[in-house]
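**Q** One letter stands for each residue in the lines below.
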Amino acid sequence: MIGVELRLMLRRRRVWLCWLLLCALPALVAVLLATTRLAPPPGRGGAFLSAVVSNGQLFPAAALALVLPVFLPITVAIVAGDTIAGEAAAGTLRYLLVRPVSRLRLLVAKLVSVAAFVLLAVLFVTVTSYFVGIAAFGFGPGGALGASGVASLSGAALSPVDLILRTAAVVGYLALCMLALGAVGLFFSTLTDSALGAALGVLALVVTSAVLQPLDAAAAIGPFLPTSHWLAWIDLYRDPILWDAVRAGTQVQLGYVLVAFGAAWANFTTKDVTS
Amino acid sequence: MTAVIVTAGLTKRFGRVTAVDDVDLTVPHGVRFGLLGPNGSGKTTLVRLLLGLVHATSGSMEVLGRPMPRHAARVLPDVGTLVEGPAAWGHLCGRANLRLLDAAGSRRPGRGRGRRARVDEALDRVGLGGIDRRPVRAYSLGMRQRLGIAAALLRGPRLLLLDEPTNGLDPRGINEMRALFTELNAAGTTVVLSSHLLTEVEALCDRVGVMDAGRLVLTEDLTVLRAPTGRVLLRTSDPAAAAAVLDGRVEVRSGALLTVRHDDPAALNAELVTRGVPVAGLDAERRSLEQVVLALTGSGSDRVDVGHAAHRGRR
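The listed protein sequences correspond, in order, to chains F and X.
Numbering (our numbering) for the first sequence: 1 to 275.
Numbering (our numbering) for the second sequence: 1 to 315.
Treat the hints as calculated values from the structure; they're not laboratory data.
The C-beta atom is built at its ideal place from N, Cα and C for all residues, glycine as well.
Heads up, some of the hints might be wrong.
As the list claims (entries may be wrong) - Distance windows between CB atoms, simulated: (1) X:S140 x F:K271: 31 to 37 Å; (2) X:T57 x F:Q251: 37 to 43 Å; (3) X:R66 x F:A219: 53 to 59 Å; (4) F:P160 x X:H55: 56 to 62 Å; (5) X:G9 x F:R14: 43 to 49 Å.
To be verified - Result set (SDA-like, lysine to any residue): computed pairs, CA atoms no more than 25 Å apart in a straight line: (6) F:K271 x X:E62; (7) F:K271 x X:D22; (8) F:K271 x X:R74; (9) F:K271 x X:P69; (10) F:K271 x F:V257; (11) F:K271 x X:P77; (12) F:K271 x X:A56; (13) F:K271 x X:R66; (14) F:K271 x F:F261.
Next up, chain X with everything else stripped away, as it sits in the complex (with noise of 0.2 Å):
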């Protein structure tokens, strides 16, 4: 399996912030990666490093297998992206925005041919399949987004890299475009976003990176994050009787619900109803995304702040 993305100590400061603080991050080609951190942790930086957009103060960068960005003119046909919220031409209709947009990267003068039927399937991807005339000005918040994410597909790109791709949809709007974007997945197409909103991610990816104050602290498989955490879960009518009977494990009681140090629900099931407890409710606690992110972030802006405070420019 290749890698889609790598970087190596790759640093970006403007003046004496450091955005992006020695990053080497690895995005394995075909899976659905989520960039976590809260807002000013550096994931936009990050993204526009990569596009070429900013420079890289130092470390070095490959996208789609080749150094970025002096080989932008090769590599980012192959990226659909959505940086910072979507744009268009205020003035023109979705369909024109996407037309010039097409013609504007375009160098081969084949590449003109079929340019209809490919905007028109982009925005019918996106739900905009039967929009009007009406200049983008006129558009909602979602409508925009809509098509900025229309434009980020309008070349079938190997690698979609979008920064917040879900900002202004209603919730229906965000489960189309998560299973839009299963679905690009499962053919072949390898997805990053970025993103502050921890249930976007954990519902859509299955590899997460956490950055903090510039830092990458985390590279994991979620799976591996939201493993069982040794605790069980217990909902039951009689919470005195259980805890008498699982004596000593009980690490919270809180009413009707506790928290015992066990491995297995099962077994726990077993030995509760054998001896008499009611259950009402069992199951393996797992930390959810975020916890485990505001354990990260929390511990790595204190630590950074003490000790890296000179190095990082930043008080």
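Excised from the complex, chain F in its bound form (with noise of 0.2 Å):
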């Protein structure tokens, strides 16, 4: 069932065009700072964005910082919306549970899918984004081709392999926080007939969690809300890493994903399917 899912997914054009836009909006800020060399000071715009200009490499890191807050939320959004609604919709759930495909099993092969297209999603925006930095801006000072170090948020000068290891460790914990997100989207799926609708109900509580999270008022909740750990991965690229905000906000995505799977399958499991 998760490879049905999987090719399910990989042959819908929604999916294709998510990551295309999402590849293509850092493309755009690079074309903009490489034609303009305007880049935003140390300190403003978005992060990093004031050091690629001067390494290249540096740019996969700006990119995610870059379509991490609106753009890659609404694509899992959707996608995660669409799991259980869009099958009801389309009346495909009834024929894949009369196949007979037990309902956990669909749940999980839609965790699953939505998994891999968080993961593709990051990683594709990362690889994309290093080879158009690279065009862009080249390898920075002194630089010979990927010999060149990057410097780290503290300063220190970070080797080629071991800048891969962080990014690598970016897209993964990323990653989980899109799935956590996605968990909760299946969750919703699971409420409604309507895969709009259960976008919208992701995409209002990452709204919502983003107003709380400045809130002193809303401090107690402040660590449990979904957004407030997405920017520990900058955390990653100092030397040496700070793992702390990275470890919480590890946790309480981990957490989202069981609560949000295990409602959905609580509620799943023992729903009349009538569409």
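Fit chain to chain and form the complex, with the hints in mind.
**A** What follows is the structure, given as structure tokens:
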């Protein structure tokens, strides 16, 4: 069933369009920066943006910071909201269930396909922006092909291998953050037959979380908001790595995945499929 | 002869509405069973209950000799079904749809072998053997319906549970599907179809169940329902002479057509001919399925409305 789900996802034009748009936004920013050379001053604008002009290898980090707050959550909401509700609206849900595919297996397959989607999304953005960054800004001062060091946020130089490892960790961490949203979307998707409704529900959660996050009055629940750990990945580019925020974020996001998936299972397994 | 479907006191309520009300249905092995009833009488909900798509409020059921929905994983692979119209992934072609559907239900790794052949055979059977690669989104209603039936046939089911299987098909398509179902039935598949099209059921089925407002009000063999009524329809060029001869036995007289109370058309014919009355046509009157169903569902809903309003939770 997982294989079926992955094949179904990979053949959807919507999914490829999401990936394409995610990769296109950083590319647009890169083109603008490269032609104008007007980088935002350090401390303003998107994270890393001031540094990329001098070293293109940092552009993947800048690109992730660009798509993370809005674009990436939107695509995740669309794909995750569609999981069960979309099948229900198309009528294919009932035919899958009488095949028979057990409801738990269907949910697991859906979650895996959402995980594959977010992982590939983050990965595509990282890889394309790496090449876009190099093409637009080069390797930075004194850089031969791939051999130059990149300065970490703390100033010390990172070797290329170190950079790749850290970037891989960032990709994994962001994919997990997005998967938490995806699991919530899966849950919402079992509540309704409207894929759009489920997707908007996910976005409502993101917006609510983003609104509450800076409020002092909401400080007590702050650490448990889904968006509050999204920027912890920046710590992975410090030297030495500051693990605290990343570790806390991983725990909270895993908690979201488990709770949302459990809720989805509890709701879906007893649900009357009347679509 | 074992039963393929047995339900006992099967009831399903959606909130205050009772969609299926205390249904005791038995479908014997090997029959072509037609489930009739007006729209909203609970046919589709009954089919969904049998497939484990909705959960019964009370009552029990067995399908293919096993309790459902507990043994769904064992039962459903042997059931081919069409529920409330066909459905497919619109962005894929028909063949890809069937392949994915075939892959979706299989747990054992060996099931993948022969998938291509299985899919091709199912498509062949419903007349889509030469289908091209255009997406299902671009299919006509009839083609979708055929694809849905192909999906139902994919696993060589022992029980076909079909909800309105001829929707969207043209008369030729309906005929083809009827022949297909009859052929499968002859090979041992039990066919259960629900429909509000009486002619459809009359042409295909040998046993019918009639539902009305959630209740199963009748299960009977079609031959019994359509037994002669004890009246004969007589067509004659001289109705006045016929009426004179059959004094008192003519129940209805409309132009050249007389309805005569008489058990035996042959004897009536002999009597008329010896008395010199020209007979143009003579046939034993049989109730049509339509008359049976209209009578049942009509009186059924009347009675239920008054007596069972509180119990049924409907006004």
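**Q** Does each hint fit the structure? Answer for all of them.
**A** Results for each hint:
At roughly 32 Å, the beta carbons of S140 of chain X and K271 of chain F sit within the given window of 31 to 37 Å. Between T57 of chain X and Q251 of chain F, the C-beta spacing of about 42 Å keeps the proposed range 37 to 43 Å intact. Remark: the range hint 53 to 59 Å for R66 of chain X to A219 of chain F is upheld by a beta-carbon distance near 57 Å. For P160 of chain F paired with H55 of chain X, a C-beta distance near 58 Å keeps the hint of 56 to 62 Å intact.
A C-beta distance of roughly 46 Å is found between G9 of chain X and R14 of chain F, which places it inside the suggested range of 43 to 49 Å. The hinted pair formed by K271 of chain F and E62 of chain X meets the criterion: a straight-line CA distance of about 21 Å does not exceed 25 Å. Between K271 of chain F and D22 of chain X, the direct Cα distance comes to roughly 21 Å. Compliance with the 25 Å bound is thereby established for this hinted pair. Annotation: proposed proximity of K271 of chain F to R74 of chain X holds, straight-line Cα distance about 21 Å (limit 25 Å).
Between K271 of chain F and P69 of chain X, the direct Cα distance comes to roughly 13 Å. Compliance with the 25 Å bound is thereby established for this hinted pair. At most 25 Å may separate the alpha-carbon atoms for a hinted pair to count; K271 of chain F and V257 of chain F meet this at roughly 21 Å. A C-alpha spacing of about 21 Å is found between K271 of chain F and P77 of chain X, which places the hinted pair at or below 25 Å, so the restraint holds. Only pairs whose Cα atoms come within 25 Å are accepted, and K271 of chain F paired with A56 of chain X is accepted, the gap being roughly 11 Å.
Between K271 of chain F and R66 of chain X the CA atoms are separated by roughly 22 Å; this keeps the pair inside 25 Å, and the hint holds. Restraint check: the Cα-Cα separation between K271 of chain F and F261 of chain F comes to about 15 Å, which is no more than 25 Å; the hinted pair holds.
The structure meets every hint from the earlier list without exception.
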